[in-house]
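Residue numbers (the working numbering), protein chains in the order written: chain W, 17 to 432; chain C, 17 to 432; chain A, 3 to 340; chain U, 3 to 340.
Don't take each hint at face value.
[Stated by the list, open to error] Derived lysine-lysine pairs resembling DSBU-like cross-links, with alpha carbons at most 35 Å apart:
1) K49/U with K426/W
2) K52/A with K409/W
3) K49/U with K268/A
4) K301/A with K49/U
5) K187/W with K384/W
6) K263/A with K413/C
7) K263/A with K263/U
8) K409/W with K263/A
9) K384/C with K189/A
10) K85/C with K19/W
11) K49/U with K19/W
Since the hints were made in silico from the structure, they are not lab data.
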Amino acid sequence: MSKAPRLHIPQRSSRPGEEPDFSYVELSQPGAVDRPATDTPSKEIESLALSMVRVLDENHRAVGPWDPKLGDSQMQHALTCMLKTRIFDARMLRMHRQGKISFYMQSLGEEAVSVAQCMALQSEDMLFPSYRNQGLHITRGRDVVDLMNQCLSNQMDGCKGRQMPIMYHWKEGNIFSISGNLTTQVPQAVGWAMASAIKGEHPIAATWLGDGSTAEADFYHALTFASVYKAPVVLNVVNNQWAISTFQAFAGGGHRPFAARGLGFGIPGIRVDGNDVLAVYAVTRWAAERARSGVGPTLIELVTYRAGAHSTSDDPSRYRPKNEWEQWPLGDPIERLKQHMISNKKWTESKHAKLSKKLEQEVAESWKQAENNGSLAHGPRLHEDSMFEDVYKTVPKHLQKQREELKRIKKRGVSS
Amino acid sequence: MSKAPRLHIPQRSSRPGEEPDFSYVELSQPGAVDRPATDTPSKEIESLALSMVRVLDENHRAVGPWDPKLGDSQMQHALTCMLKTRIFDARMLRMHRQGKISFYMQSLGEEAVSVAQCMALQSEDMLFPSYRNQGLHITRGRDVVDLMNQCLSNQMDGCKGRQMPIMYHWKEGNIFSISGNLTTQVPQAVGWAMASAIKGEHPIAATWLGDGSTAEADFYHALTFASVYKAPVVLNVVNNQWAISTFQAFAGGGHRPFAARGLGFGIPGIRVDGNDVLAVYAVTRWAAERARSGVGPTLIELVTYRAGAHSTSDDPSRYRPKNEWEQWPLGDPIERLKQHMISNKKWTESKHAKLSKKLEQEVAESWKQAENNGSLAHGPRLHEDSMFEDVYKTVPKHLQKQREELKRIKKRGVSS
Amino acid sequence: MARMNMIQALNSAMDVMMERDASVLVLGEDVGYFGGVFNCTGGLYEKYGKHRVLDTPIAEGGILAAAIGMGVNGLRPIAEIQFADYIYPAFDQIVSELARLRYRSGGDFWSPVTVRTPCGGGIRGGQTHSQSPEATFTQVCGIKVVMPSNPYDAKGLLISSIEDDDPVIFFEPKRLYNGPFDGDPDKPSVSWSAHERGEVPEEYYAVPIGCADVVRSGSEVTVLTYGTMVHVCAQAIERMGIDAELIDIRTLAPLDIETIKTSVQKTGRCITAHEATRISGFGAELSAVVQEECFWSLKAPIVRVAGWDTPYPHAFEWDYFPGQERVIHALEQVMVYE
Amino acid sequence: MARMNMIQALNSAMDVMMERDASVLVLGEDVGYFGGVFNCTGGLYEKYGKHRVLDTPIAEGGILAAAIGMGVNGLRPIAEIQFADYIYPAFDQIVSELARLRYRSGGDFWSPVTVRTPCGGGIRGGQTHSQSPEATFTQVCGIKVVMPSNPYDAKGLLISSIEDDDPVIFFEPKRLYNGPFDGDPDKPSVSWSAHERGEVPEEYYAVPIGCADVVRSGSEVTVLTYGTMVHVCAQAIERMGIDAELIDIRTLAPLDIETIKTSVQKTGRCITAHEATRISGFGAELSAVVQEECFWSLKAPIVRVAGWDTPYPHAFEWDYFPGQERVIHALEQVMVYE
Ligand SMILES: Cc1ncc(C[n+]2csc(CCOP(=O)(O)OP(=O)(O)O)c2C)c(N)n1
Ligand SMILES: Cc1ncc(C[n+]2csc(CCOP(=O)(O)OP(=O)(O)O)c2C)c(N)n1
Ligand SMILES: [Mg+2]
Ligand SMILES: [Mg+2]
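Chain W on its own, in the form it takes in the complex (with noise of 0.2 Å):
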């Protein structure tokens, strides 16, 4: 008898100390995907999972039929959402190793996603969002002090202290609140697009997630159920190449593209060039329009890089080569926006500079009203009160009580 095979266990290509090597990533040339009218048959439209949308060429210029032909001041307001974001994030960064917020996830080197998607949504649309999806907010228009108070638990803390920073929600911006539990969300913002449809409203929804989280079970929850009612909703997986430690093989992206996860059920997958703003944008209304109109949903698979740690608990130079974003072949999509701007004598380096400053001020501002709202380390903050309400639309009794037993305890003034 032959020799029996071995189990198959997926190996990075480069680890620390060696080459980035990203020969693994299939890339298809700026223009080169057709862009098939919204209603196609699923059937018709496989092979879009396997290609990927780009629009932006090496020379900067717009090409192919995915370009969105985006106005001046939209291309501004992209540019704008994106640098706002790098700038909050790297804030933000900077406060915690200062000890001032507890923890921080950054979006580095993915803004186009969130920023993008954002733009080519409808205001009414409900967000489902991954934690790493805070340009979401930042496009939407939400004050970044909100967010910087969430961070510091303080007073103004729209999750009332009870969530670790980064932990948003919207309501009235239409955003979702984050689950610390990957992918959950997923399949919740199904539901959400199902009541729309069984309402007969106009809003869809979308959603993200990372190519990591694809493993959970909630995924082809969210898969079963958006293709089986049809579901008014975008599914996004941002895979930006890694979950923690673990590169994306390890959630079965070694194969198949991720974009190619709904086949099977008739979702058309569309991967996308995640570093491409105008690529985003382009294929995510393509998408918002089949949901809209009734065709269904879509699954668009965002290629993007982590480019900073996973978040202020993760050293990533213990698993993989510390220069990997610099050899990262998609670039950075702000670089690349910029340069699109620029080649089209819409920008210039001066111009982007003075909005760089701009919004360092506007930021470090913001972080000056959020402190004077007070922080997790010195106060002001809301009354642990607090802590017992909202586990029930009203306070039960027997929290009453624990809440008066509380009282009790740190009235004995002893060191608690």
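Model the placement of chains C, A and U with the ligands on the given structure of chain W, informed by the hints.
What follows is chains C, A and U with the ligands alone, placed relative to chain W:
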């Protein structure tokens, strides 16, 4: 603004009182599907998931590249096992109607699945069945008295009275234990197969689940782990069109065949006429060879029809036309094999009648033997003390105490 | 007033609420065209249409997740889990999501889902159609846990659950669907029509969540129980001829401690009874609460009657089930002491 | 003997067992190349190779299912769930499968899986990195539940768990990974090197499952606790200057009732303490057992110290955490009575 789209609710084309309608079942011509080499890359054989492998044609001939060219004795064996399964089922149903067993589930119309697949696997391969795979036991040569003992919960019941009827297992025969919870065995089979590869051993695993059960998260876990580690496993979806009252479109079968469910992971799918013994055998051999030679997992969809009620608690006339089975385009697996053998002059009606009669007698004989071992209603049965065993490897103190307590209470002699 | 069994009462509750409130909808496995494997949703599909009575894929986690999303979008979903034994695949969505959403979002988001699920044994369902997992849910803050023992309460409590803006896990003791059951499998089965709680108004009414029911008042001992065991205990009390106070807990979370306290302070003795396994079953919480609240009144140790700490075995169902003998045995134990 | 913190002790347990028994293997999220987010599996990948230390997809349900299958096929898997808060997606595979397999197959199939998972708060992890879901698992018959409070026990108990042919859920109080913690977040943190249980043999040894540990013997009151709260209670006892008997439960299931009984019969008073929420927490079971076994010895009601019945809030962590004050308060309550 245009009218908002409504939710899509799958509709069964025929309901009670209506004409059966199977126009939704896509068929291929017998012999029409190519048979690629087992090591063909999965990308190149995606079409296997969308077509249907068939060997037996309308004239009862075996045609095309998938003809496994079974020898006479193999064909007879297949016929015998299918017939025995059907006769066993019929007997057990009668026994249920007579109140001798508390519950039953038949596999009427699907016998080819278990019988032909089991024949195509090796005896040391580990099988993780669903509750409708009694044919696996019969084909692996299990004494049906054992199965009856389980259904009777008598003193010889391998489950020691702890499980409902039909929840068989057979350690010596390498057939795993059935859980009441759907689909849980499927990723377990993948884990078993992974262990085989880790240990460098030859046996592979095979597992079965229904069309409805594909919606459970565990199926996705199975696909993910099988794909990532290329586990030596054969995953079998028995699409018998129904999941209790819910038809297969509610599991997502309305848009794409279940065989396609793994394509997004690079798991090749192959759809087969589940009532064509020769096709089922050939396809299973092909998949098993892929697993055994280290190429990886395969997902087989076996298209068949649940001819009987879901279980003895079910009344299908409430949700489907009574005569659906008669119209089922893939016919009856036993009848089809029989006609093939007859037309090949390897079999005759009279031999068939004789075989039937012999099996009827055998099964009747077995039933008598089994009843002699006791029954749930009339005993003798296992002592209730055994209820406290096998919760843990050894009976812990608290269960010893509870066992004593039960004894004491029963001793009091009051009616219980 | 009409005579209803528990299935009809539950059906009527959903019917009444779907009629009153267009945002109420039902989803679950086989609940639509077929009306559910126990027929609890029978007729609703015909009456309210396929957009409000949804057959779903067999994915309990998906059902809960979808229901949560629907609830966030303004609907009031009633999700059926076909058997309580199959609620575990939905456990994460219930515990980490449904129960926590209001809290983690500072009160901004919430989802008023009601989860209906048949529980308990006595129908030869074996280990996977007989479980009573209620205790596990009582530890999850943010959800309410209800288990009625008769048609009248079933309808009134289900209506309250649907109307409640907090999530509710609503357990239905399936052995009681067609009639009260006193624990003796050899007696001919009785129907609800002879039982006073089988009289059920056809229209809207509510039984409040959070209130226990003193089914029988008495002075010698307090029996704390719920679900099927209410009837078993009633018969055991009857047989013993003891003046016991029988309390149907009805709502396990939040627990009606006042009613319990008042009773045990009066009787000085207490037993708890449920079908679920004993270790860390809800009897543990009841026992802990009673000794905290009534320590100085207690004349004897509290005794817990429960299922054995094994899975629910098919063949030994009636040795497993905590029937009248076991309740009587417990009552005797607490009555021994003066 | 070496000085080890808890992470090193756990690592050493796995190392020793992988060395001794080729069927032992480790799987989980980030456990391979990276060595785990808390570094508990650090170095094992290099030493035992990629076939015995498996990085997995992020799918807790899949991890458990795969582990079960591997166990059936003769391996001894140690599955890491990155945080106990994320064990719920695996709940069905644990409760319906891992715990039930031996029973439902009449003893023919079983799977000796050990599930390791960090639990508890005190690290500003907020509601989804702080939970203590141990009680839920104690109600599941067929599994054992272990939670060590120091490096010595951690290694010895983990070795016993790996060797055990029954499945074990092994909770690791993450606040104790690097040093004992007495509940006062303002004190400088201490390391295990100063603690006597930080001395850990480098070689194989076992601490038996099912035995509680009398950490401090005393005559006035029995304190039943486990995990982080062992250290909090020790300090509270110290501060109060009370002669309390402190029992580290260590194994929650099966529970060492004898040790508890002996103690409470001696002291006549008892408090229970855990970080988990109170309602239906394991304190309920402990309280119920104590009053069943020691009713006539009790001089005061048993008092339960626990986390409040709310999610674990990030900002109010130290108001939530049942610190020394709450333990002292409870001790005072039981000592009031003569
Ligand atoms: C259910 C669950 N399991 C595990 C974790 C721990 N965890 C947090 S983030 C993360 C990696 C997620 O990676 P990916 O989905 O790729 O998202 P990314 O961080 O790259 O944006 C893990 C394993 C969790 N939060 N929830
Ligand atoms: C987790 C779980 N959910 C629900 C059920 C109830 N149930 C038993 S069989 C069944 C239908 C399964 O249909 P399918 O998978 O198509 O298999 P078939 O009966 O057709 O062979 C359902 C819903 C269950 N046993 N387990
Ligand atoms: Mg990622
Ligand atoms: Mg089926």
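Taking the hints in turn, this is what the structure says about them:
1. Between the alpha carbons of K49/U and K426/W the distance comes to roughly 51 Å, so the proposed pair goes past 35 Å and is violated.
2. Distance restraint check for K52/A and K409/W: the Cα-Cα separation of roughly 31 Å lies within the 35 Å cut-off, and the hinted pair is therefore satisfied.
3. Note on K49/U and K268/A: the hinted pairing is violated, with a Cα-Cα distance of about 67 Å set against a maximum of 35 Å.
4. Between the alpha carbons of K301/A and K49/U the distance comes to roughly 62 Å, so the proposed pair goes past 35 Å and is violated.
5. Restraint check for K187/W and K384/W: satisfied, since their Cα atoms lie roughly 24 Å apart, inside the 35 Å limit.
6. Taken as a hint, the K263/A and K413/C pair is honoured in the structure, with Cα atoms around 33 Å apart against an allowance of 35 Å.
7. The suggested pairing of K263/A with K263/U holds, with an alpha-carbon distance near 26 Å, which does not exceed 35 Å.
8. With a C-alpha separation of about 26 Å, the suggested pair K409/W and K263/A falls inside the 35 Å cut-off, and the hint holds.
9. About 30 Å separates the Cα atoms of K384/C and K189/A, which keeps this hinted pair within 35 Å; it holds.
10. Under the criterion of a C-alpha separation no larger than 35 Å, the hint pairing K85/C with K19/W is consistent with the structure, at around 28 Å.
11. A hinted pair counts as satisfied when its Cα atoms are at most 35 Å apart, and K49/U with K19/W qualifies at roughly 24 Å.
In summary, the numbered hints that this structure violates are 1, 3 and 4.
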